[in-house]
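Start from the sequences and build out the full structure, keeping to the hints where you can.
Protein chains in written order, with the working numbering: chain A, 189 to 344; chain B, 106 to 249.
Hints may be right or wrong, so weigh each one.
Said to hold, decoys possible - Computed footprint of chain A on chain B; a stretch qualifies when at least three of its residues, placed anywhere within it, have a C-beta under 8 Å from a C-beta of chain A:
1) 126-135
2) 216-226
To be verified - The list that follows gives simulated cross-link-like pairs (lysine-lysine, DSS-like), each with its CA atoms no further than 25 Å apart:
3) B/K149 to A/K199
4) B/K151 to A/K267
5) B/K151 to B/K200
6) A/K258 to B/K149
7) B/K113 to A/K258
8) A/K258 to A/K324
9) B/K151 to B/K191
10) B/K111 to A/K258
By construction, these hints were calculated from the structure, which means they are not laboratory data.
A virtual CB, placed ideally from N, CA and C, is assigned to each residue, including glycine.
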Amino acid sequence: MKEQYVDSFLKAVQDVFALMLDLRAEKTNEENVDKFVTTDGANVTIGIRGDLSGTVLFTFPEKMALEMVKIMAGMEIDKLDNFVVSALSEVANIISGNALSNLNGYNYSCDLDPPQVVDAGKAIPAGKEAVRLPLKTGIGEFALNIALEEDDKTGK
Amino acid sequence: MLSKDKYKIGVALIDQQHQELFRRVADFIATVRGQGDWEERLAKVKATLAFMQEYVVTHFADEEAYQASINYPGLAAHKQIHDSFKQEVEQYAEKFAATGFNEDLIQSFAGKLMAWLINHVAREDQRIGEFARQEVRSNERTIC
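Written out as structure tokens, the structure reads:
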């Protein structure tokens, strides 16, 4: 997978985490995968269309998901309910929107589909070009999974 | 506390309205996530929703008027974000009415509203403040 794709998403995660959560997010690894595996917590996938097509999947373990929403809401959050999952879906949406702006800087024009929540314990086929990035933060580790392929017609 | 000092943009009217918006959203979340029978909490949820629908429109209009008053170059794009969000709130309101104010749906709306508001105020609205401060500095240099 092109470094530009990974960097665009990584930078977006880091910007949004700093802005909304006052947290640093560091990539600890990058591995090629052929399927995406969901966690026991909140799993959000977003489709990408345009010059590049594919999907991203954010997998937030339960403890980290609750802590993220606690930081945003400023109140105790102890249950992974619709409120928590919806807040994290919007965070995933904001990160992906920022990533698309970054990709636009490399002359890729893309659109996002609305976020979809995926159940825990699923293995989703990821396509040819897919990577998993574990990201470490002060409140736990989550993973950003990216499957992106260039549209043949763009010729970039 | 939903609101943070770093969200202030340095324009008194806008900052006051953001404070009110954050306070109302925090109350809304507390009610939506509170204990007790949903039907009993529903009256407060409906009242808060109605207030926010109205207040969001007023706030967006005031914020856009301020942007126009300082010739903010991002006004058109900012207005588009506001319009798109207002439309989304309206769609949620229609779904609430159609589903008899389903608790799960309102929980989802509250989560999205919170994250959207934080990002919008912390990112998009900050740009208005930065531009206003730049303009002041530029005018000061011209006067000198």
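Okay, the hints, checked on the actual structure:
Coverage of the segment 126-135 of chain B by chain A holds [criterion: at least 3 residues with CB-CB distance below 8 Å; count 3]. For a cut-off of 8 Å, the count of residues in the segment 216-226 of chain B with a CB near a CB of chain A stands at 7, and the three-residue condition holds. Restraint check for B/K149 and A/K199: the C-alpha separation of about 41 Å exceeds 25 Å, so the hint is violated. For the suggested pair B/K151 and A/K267, the alpha carbons sit about 23 Å apart, so the restraint of at most 25 Å is met.
With a C-alpha separation of about 13 Å, the suggested pairing of B/K151 with B/K200 holds against the 25 Å cut-off. A threshold of 25 Å between alpha carbons decides the hint, and for A/K258 with B/K149 the separation of about 23 Å falls inside it, so the pair holds. In summary, the hint linking B/K113 to A/K258 is supported, as the alpha carbons are separated by about 21 Å, within the 25 Å threshold. Pair hint A/K258 plus A/K324 holds up; C-alpha atoms about 18 Å apart against a cutoff of 25 Å.
In summary, the hint linking B/K151 to B/K191 is supported, as the alpha carbons are separated by about 17 Å, within the 25 Å threshold. The hinted pair formed by B/K111 and A/K258 meets the criterion: a straight-line CA distance of about 18 Å does not exceed 25 Å.
Consistency with the previously given hints fails for number 3 only.
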